[in-house]
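Residue-level listing of the chains:
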Amino acid sequence: MTVAELSSINTTQTNGRYAVELQNTHIYYGSFRAVKDVSLQIERQKITAFIGPSGCGKSTVLRAINRMNDLIPGSRLEGRILFHGKNIYDPDVDPVEVRRRIGMVFQKPNPFPKSIYDNIMFGPRINGWRGTKAQADELVERALRGAAIWDEVKDKLHQPGTALSGGQQQRLCIARALAVQPEVILMDEPCSALDPISTLKIEELMLELRRNYTIIIVTHNMQQASRVSDYTAFFLMDADRAGQLIEYGPTEEIFTSPKDKRTEDYISGRFG
Amino acid sequence: MGALHSLAHDYDYLRHTLDAMARRVKSALHESLQALRRSDAIGAKHVIHDDPDINALQQDVEDLVVRFITQWQPLLRDLRRVLAMLMVASELERIGDYARQLAMQVRRAHDNNYPLLMVADLAELGALTEYILSSSIAAFLAEDTAAARAIAALDDQIDERRRAIIASVRQAALEDSSVFDAALASIEIARTLERVADRATNIAERTVYLVTATHEALNE
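Protein chains in written order, with our numbering: chain E, 1 to 272; chain C, 273 to 492.
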């Protein structure tokens, strides 16, 4: 079984230099419009940071990119989100397939109450893994190496993932996401529960992962956004409390001379 | 350290300290020029003696900037502002040194009994230099880019006057070798004043960068 055979998304098609493209996206929770008219092109193999005050819709937009919001009753999306030229909200697209191709790492590390080994194999198994034990061992090692945690856990692969430190758990979760070979990794404040050293390890890992993956990160840490990201998108809620994209551009520009006064005020800590 | 103030409060305190330092430097330059005009060895001695106070104020600015960055992690204009303050403090410290060098020239001329040459012209050059220094400090503190850019034009006048003074002094020394020491001292004073104006123009450049985030060379 290959990815292409399973897929409702034709991987031979691309969005050109963009991994993901949001076109006039509006997101609703029931009658409340949480996000208003966001259009955004996410460059392939780059790190894009979403910043903005709490409630500005940045996490909602992030979760829309792998249809995580589908799990919230009453949530609805207008507009299009293109992945390989295909709108992931088309009726013939399987959201589980979308989430395999576009992985996610959360604020709080959430390893399953299983061994480190089984945490990694969980995704491949539910996706119908049919390899040999040796192939599984290799996959586990590759995923753990990819998340820069192999050396720390190679002698305790059968111990529970929950026994690791917070920073190690977060890298285990990244390894778990890598195990199903995604193209895009969404990270929702992945370091906000970590100490500074663990945070730096995750940031170094992100820069390493950028060679092969597209990363989108939501962060409240301005220094982190300026350290790791190539592009930055600034969101803010409007008078109706709907999140809007205010400014989007190369991080270097956003963090030296933003065009919008609201971006400057937010980054300088004037509000939010 | 530790007691929480607002960012604005901490910034005001920093600005106040830099302003105090700028006032000390301006007055050191003023007094050394006064001593030059009056050939006043006692006035010159005051300037020489006061220099350590200026150095201490520079260290205060540096400590406050480090503390400000540690506590507030400023970004964008807030960051450029405090970094610019650090650099301006260093320019001011150098200007303080130049004021001291001027005073030492005046005292040496007095002690060795040689009257300096072209004192009126040097005093005029000094007055223009003082004006450039005051204007650039005012432009910096007000973050006024128009005023900062206007300072660049004055820099050409400094060059012209300095050149004219050196040419005349050189001529005088060629004609009469007994004024040789006085001529050397006068040339040194003209050059020192030009350096003060250069440093002051750097402060104006810092002002433009702090506001626009782009580098503009004002004294080409």
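Check the hints yourself; a few may be wrong.
Unchecked claim - Some but not every residue of chain E turned toward chain C, in silico, with C-beta under 10 Å:
#, residue
1, Thr132
2, Pro196
3, Ser198
4, Thr199
5, Leu200
6, His220
7, Met222
8, Ser226
9, Glu264
10, Gly269
11, Phe271
What the hints assert, rightly or not - Here are the simulated SDA-like cross-link-like pairs (lysine to any residue), alpha carbons at most 20 Å apart as the crow flies:
#, chain 1, residue 1, chain 2, residue 2
12, E, Lys261, E, Ile246
13, E, Lys154, E, Glu138
14, E, Lys261, C, Arg295
15, E, Lys259, C, Leu347
16, E, Lys261, C, Thr417
17, E, Lys261, C, Asp350
18, E, Lys259, C, Ala280
19, E, Lys86, C, Arg349
20, E, Lys201, E, Ile246
21, E, Lys46, E, His84
22, E, Lys261, C, His288
23, E, Lys261, C, Ala485
24, E, Lys36, E, Glu247
25, E, Lys156, E, Ser115
26, E, Lys261, C, Leu446
27, E, Lys259, C, Ala485
28, E, Lys156, E, Glu141
29, E, Lys154, E, Tyr117
30, E, Lys259, C, Leu351
31, E, Lys261, C, Pro346
32, E, Lys261, C, Arg353
33, E, Lys261, C, Tyr386
34, E, Lys259, C, Arg349
35, E, Lys259, C, Thr417
36, E, Lys201, E, Lys259
37, E, Lys261, C, Asp312
38, E, Lys261, C, Gln331
39, E, Lys261, C, Asp453
40, E, Lys259, C, Asn327
Just so you know, the hints here were simulated from the structure itself, not pulled from any lab data. Every value quoted in this text rests on a predicted model; they were computed, and no experiment measured them. For every residue, glycine included, the Cβ atom is placed at its ideal position computed from N, Cα and C.
Check your understanding: Given the hint that E/Lys261 pairs with C/Gln331, does the C-alpha gap stay at or below 20 Å?
Key -> Answer violated: E/Lys261 to C/Gln331 is near 34 Å, above 20 Å.
Check your understanding: Given the proposed pairing of E/Lys201 with E/Lys259, does the C-alpha separation stay at or below 20 Å?
Key -> Violated, at about 32 Å.
**Study point:** Hint consistency between E/Lys259 and C/Ala485 [alpha-carbon to alpha-carbon, up to 20 Å]
**Key:** 12 Å, holds
Check your understanding: Is the interface hint for E/Ser226 satisfied, with its Cβ closer than 10 Å to some Cβ of chain C?
Key -> 8 Å, holds
Review point. When you check the alpha-carbon spacing of E/Lys261 and C/Asp312, does it fall within 20 Å?
Key: With Cα atoms ~54 Å apart, E/Lys261 and C/Asp312 exceed 20 Å; violated.
Review point. Would the hint on E/Ser198 stand, with a C-beta cut-off of 10 Å toward chain C?
Key: Violated, about 19 Å.
Review point. Does E/Lys154 pair with E/Tyr117 here, judged by a C-alpha cut-off of 20 Å?
Key: Cα-Cα ~10 Å, so holds.
Exercise for review: Decide if the proposed pair is consistent with the structure: E/Lys259 and C/Thr417, CA atoms, cutoff 20 Å inclusive.
Suggested key: 19 Å, holds
Point to revise | Hint consistency between E/Lys261 and C/Arg295 [alpha-carbon to alpha-carbon, up to 20 Å] | key: Roughly 34 Å between the alpha carbons, so the hint for E/Lys261 and C/Arg295 is violated.
Point to revise | Given pair status - E/Glu247, E/Lys36, alpha carbons within 20 Å | key: 14 Å, holds
Practice item. Verify the proposed pairing of E/Lys261 with C/Thr417, using a straight-line Cα cut of 20 Å. Key: Within the cut-off at roughly 19 Å; holds.
Point to revise | Satisfaction of hint between C/Leu446 and E/Lys261, Cα-Cα up to 20 Å | key: 62 Å, violated
Checked against the numbered hints given earlier, the structure breaks hints 1, 2, 3, 4, 5, 6, 11, 14, 18, 19, 20, 22, 26, 33, 36, 37, 38, 39, 40 and satisfies all the rest.
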